[in-house]
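Colleague: Here is how the chains run, residue by residue.
Protein chains: 2
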Amino acid sequence: MRASPPRERADAARNRAAVLDAAAGLFRRHGVNAVSMDAVATAAGVGKGTLFRRFGDKAGLAVALLDARERELQDAIIFGAAPLGPGKPGDEPGQSDRLRAFVDAYLDYALAHLDLLRMSETGSPGARYRVGAYRFWHHHVALLLAHRADADADAHALLAPLAAEHLRAAVAELGEARVRRSMRALADALVAD
Amino acid sequence: MRASPPRERADAARNRAAVLDAAAGLFRRHGVNAVSMDAVATAAGVGKGTLFRRFGDKAGLAVALLDARERELQDAIIFGAAPLGPGKPGDEPGQSDRLRAFVDAYLDYALAHLDLLRMSETGSPGARYRVGAYRFWHHHVALLLAHRADADADAHALLAPLAAEHLRAAVAELGEARVRRSMRALADALVAD
DNA sequence: CACCGAATTGGACTACAGTCCGGTTATGGC
DNA sequence: GCCATAACCGGACTGTAGTCCAATTCGGTG
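First to last, the sequence lines map onto chains A and B. All letters in the first sequence, in the order written, are residues 4 to 196 by the working numbering. All letters in the second sequence, in the order written, are residues 4 to 196 by the working numbering.
Every clue listed holds true.
Only part of the chain A face toward chain B is listed, based on derived beta-carbon distances under 8 Å: (1) T125; (2) G129; (3) Y132; (4) A166; (5) V182; (6) S185.
Which residues of chain A face chain B? A partial, calculated answer using Cβ under 7 Å: (7) D157; (8) H159; (9) P164; (10) R181; (11) A192; (12) L193.
Treat the hints as calculated values from the structure; they're not laboratory data. Even glycine gets a Cβ: it sits at the ideal position worked out from N, Cα and C.
Model the full assembly from the supplied sequences, consistent with the hints where possible.
Modeller: See below:
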């Protein structure tokens, strides 16, 4: 938040874009886990130092790639139509509907990018909980659970089974439909109380 | 499950014990994350190959170290007194009480060995969900949730916030008391339904 | 007790994440 | 247009997890 942000240098911007392009391509072709940071750097025509300097670590690279999708979902939550968003004045959806809509929409997002999301969450210890996006989801869910004794804590508990690592295992064992149904049931149980 | 298990060789047994001793000591002194597998091998007077052959990977070593504690808890659940165990015939505890007791006891166990547990769960992708212990907890919880529409799925959802990685973050942010209370509330919400 | 097959051992080897710093290049003021 | 300076670049370097296989050791058997 500098007063006049020191504009990103032209070469830096070019490299950033090259890295994101190269990474997206390699990930799509070979799978997220099979691609090394060296490979990304080489494919982008960039040194390893540059890669790590710009993105911190592998998790940071994943976060950058997910950024656009996350923003879409966040916008829909803040400004969008009901029941996911707040809707028009005088026509606000109930909190139970909003929570359920959030769970559904989050699952759409997470399941569509599961490997990338997993990389962004498991890169370094506690990575998931430090990223801005998690704080956003948490804040939103806590608001919708405001009537409960400890909304903050309950919001964390509701988000836990939405972690990529957990979703991956749950979907592999139960299939997507049962996971979705169960998450909805959990949301209902928490608002109902 | 061979008919007559080919007894573990004497030297192998000696090495296994040496490794577990050395690992326990190093972990206690320097913290789980600061100890490399090389260091464990050296301290145990054993080659690296041996270490990995016996324990698979770092997560496997952690599982072996936790084994005794896990068994204690499992025994208490299967044979112990109510409400954690089944209790005496004619004096069975309610499922709601048993679930709550399980959550409490599991938190005792998990919080007492958080780093080790974290290592055992995050070693390789999906490690947590493949280990026998997890299957046990899941089976137990699913039984206690048998009245629900999809007990298996709900059991996974209840276990998700008990993952070491999640507990670590939650306790750091909220403190142990709030996490315990919130987990209990979640259990109640699921049996109540 | 000497031998044999099988299990075990250990350290050299690979691959990968992440760090560091000397050299290079862009940018804004003059 | 030129220069000082700060930001950026890239590849060599380190530390660690995990693999591999030739040599060794064990434990039962004749």
